[in-house]
Amino acid sequence: MKNYISSPGKTLKILSDHNIRLRKSLGQNYIIDTNSVKKMVSLANITGEDTILEIGWGIGSLTEVLLENKPAKIICIEVDRKVSEVFRDIFREEIENGSVVLIIEDAMDIDFEKLSSLYNINKMISNLPYKIAAPLTLKILKETEKIPQSWMTIQKDIADRLTAEPGDKNYSSYTVKSNTLACYRSCFKISRNCFLPKPFVDSSVVEVTRKKIPAQLCGEGGIESFFNFINASFAHRRKMLLNSLSRSKDYSSKLDRIAEFLQQIGKNKAVRAEDLSLKDYIFLYRNLLI
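Mapped onto numbering that gives the first Met the number 0, the consecutive letters of the sequence shown carry residue numbers 0 to 289.
These aren't lab readings, by the way, just hints derived from the structure by calculation.
Heads up, the beta-carbon is just placed ideally off N, CA and C, and yes, glycines get one too.
Where hints are given, some of them may not hold.
[What the hints assert, rightly or not] Just the calculated beta-carbon pair ranges, DEER-fashion:
| id | residue 1 | residue 2 | range |
| --- | --- | --- | --- |
| 1 | ALA269 | ALA71 | 47 to 57 Å |
| 2 | VAL200 | GLU223 | 42 to 52 Å |
| 3 | LYS1 | ASP274 | 29 to 39 Å |
| 4 | ASN169 | PRO213 | 32 to 42 Å |
| 5 | LYS1 | ASN169 | 34 to 44 Å |
| 6 | LEU11 | ASN242 | 18 to 28 Å |
| 7 | LYS248 | CYS186 | 40 to 50 Å |
| 8 | ILE222 | GLU104 | 17 to 27 Å |
| 9 | LEU101 | ASP274 | 45 to 55 Å |
[Claimed, not checked] Heads up, simulated BS3-like pairs for lysine-lysine below, C-alpha to C-alpha not over 27 Å straight-line:
| id | residue 1 | residue 2 |
| --- | --- | --- |
| 10 | LYS138 | LYS176 |
| 11 | LYS145 | LYS168 |
| 12 | LYS238 | LYS188 |
| 13 | LYS38 | LYS69 |
| 14 | LYS130 | LYS188 |
| 15 | LYS38 | LYS9 |
| 16 | LYS210 | LYS278 |
| 17 | LYS155 | LYS141 |
| 18 | LYS81 | LYS168 |
Start from the sequences and build out the full structure, keeping to the hints where you can.
If you want it as structure tokens, here you go:
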């Protein structure tokens with residue numbers, strides 16, 4: 000039986016042989032459960048036509064299983080140069096024949112529109128570094144519409160925010176902004192015991208399906224203007240929406256109009272930001288621009 004990189008013993012041996020210490024500052028938590036890796040990859044139904052983006056390849060626990068499914072190419076991004084040298088040794092043949100492309104750079108500095116166009120990336124499958132998982136997910140969605148589906152392992156609390164409904168304790172500005180750009184489905188949970196070092200929280204594998212940006216948000220100011228409205232609405236959590244917006248230089252003079260629009264969607268003036276749906280926010284925003 001094959002001894003996968005994602006088995007606990009092999010991961011520990013590779014790290015020990017190369018004197019690698021995982022860095023908390025980079026959010027490095029390596030998965031040591033091969034069944035979870037295979038289960039995640041199986042969700043993507045990989046074919047020989049797929050070019051896959053993997054962020055945070057580490058020592059190749061996920062890459063190894065992706066290659067077994069024979070995609071056209073895997074574009075791998077990693078910021079840790081020492082770990083990258085180990086990866087080069089393990090996957091030297093695949094790198095030389097072009098089936099694996101290495102990019103050693105901070106993912107938060109990459110232009111994903113250019114990257115996805117350059118390599119015709121159509122799927123992302125990644126165990127995202129914990130430290131940047133939340134902002135990186137939003138960054139990729141904002142920058143490119145060319146990756147229609149993704150599967151990613153992230154902290155369960157971030158997954159809960161992505162899939163929260165209005166009124167839930169996890170519903171936030173991040174929820175509204177992320178759901179403007181994509182739909183999310185929690186596929187399965189991975190225990191914190193399946194990672195090295197063990198993090199403080201469990202993880203979830205989430206399926207992301209890209210949405211087309213609503214036409215109502217493609218006008219003046221674009222999506223960033225809408226996101227600024229969302230940020231202002233949630234600026235003071237647990238406060239009434241109108242109270243939060245009263246402190247915004249962009250919306251403090253429009254409170255009467257906002258109250259009227261709230262009434263039109265069946266909400267009273269005391270409604271809180273976390274009680275409004277994405278559809279509600281799009282309605283308010285577009286009417287404020289008229």
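Hints, one by one, checked against the model:
Against the hinted window of 47 to 57 Å, the Cβ-Cβ separation of ALA269 and ALA71 comes to about 55 Å, which satisfies the hint. For VAL200 paired with GLU223, a C-beta distance near 30 Å fails the hint of 42 to 52 Å. The hint said 29 to 39 Å for the Cβ distance between LYS1 and ASP274, and at roughly 51 Å that hint is violated. For ASN169 and PRO213, the hinted distance range of 32 to 42 Å is not satisfied, since their beta carbons lie about 23 Å from each other.
The hinted range of 34 to 44 Å is satisfied by LYS1 and ASN169, whose Cβ atoms lie roughly 39 Å apart. With their beta carbons about 53 Å apart, LEU11 and ASN242 fall outside the hinted range of 18 to 28 Å. Remark: the range hint 40 to 50 Å for LYS248 to CYS186 is upheld by a beta-carbon distance near 42 Å. In this structure the supplied range 17 to 27 Å holds for ILE222 paired with GLU104, their Cβ-Cβ distance being about 25 Å.
Take LEU101 and ASP274: their Cβ atoms lie about 46 Å apart, and the range 45 to 55 Å holds. Distance hint between LYS138 and LYS176 is fulfilled; the C-alpha atoms sit about 11 Å from each other, no more than 27 Å. Of the pairs offered as hints, the one joining LYS145 and LYS168 is violated, with about 32 Å between alpha carbons and a cut-off of 27 Å exceeded. For the hint pairing LYS238 with LYS188, the CA-to-CA distance comes to about 33 Å; that exceeds 27 Å, so the pair is violated.
Taking the CA atoms of LYS38 and LYS69, the gap is about 16 Å. The hint holds against a cut of 27 Å. The hinted pair formed by LYS130 and LYS188 meets the criterion: a straight-line CA distance of about 19 Å does not exceed 27 Å. Taking the CA atoms of LYS38 and LYS9, the gap is about 19 Å. The hint holds against a cut of 27 Å. A C-alpha spacing of about 14 Å is found between LYS210 and LYS278, which places the hinted pair at or below 27 Å, so the restraint holds.
At roughly 22 Å between alpha-carbon atoms, LYS155 and LYS141 fall within 27 Å of each other, so this suggested pair holds. Restraint check for LYS81 and LYS168: the C-alpha separation of about 40 Å exceeds 27 Å, so the hint is violated.
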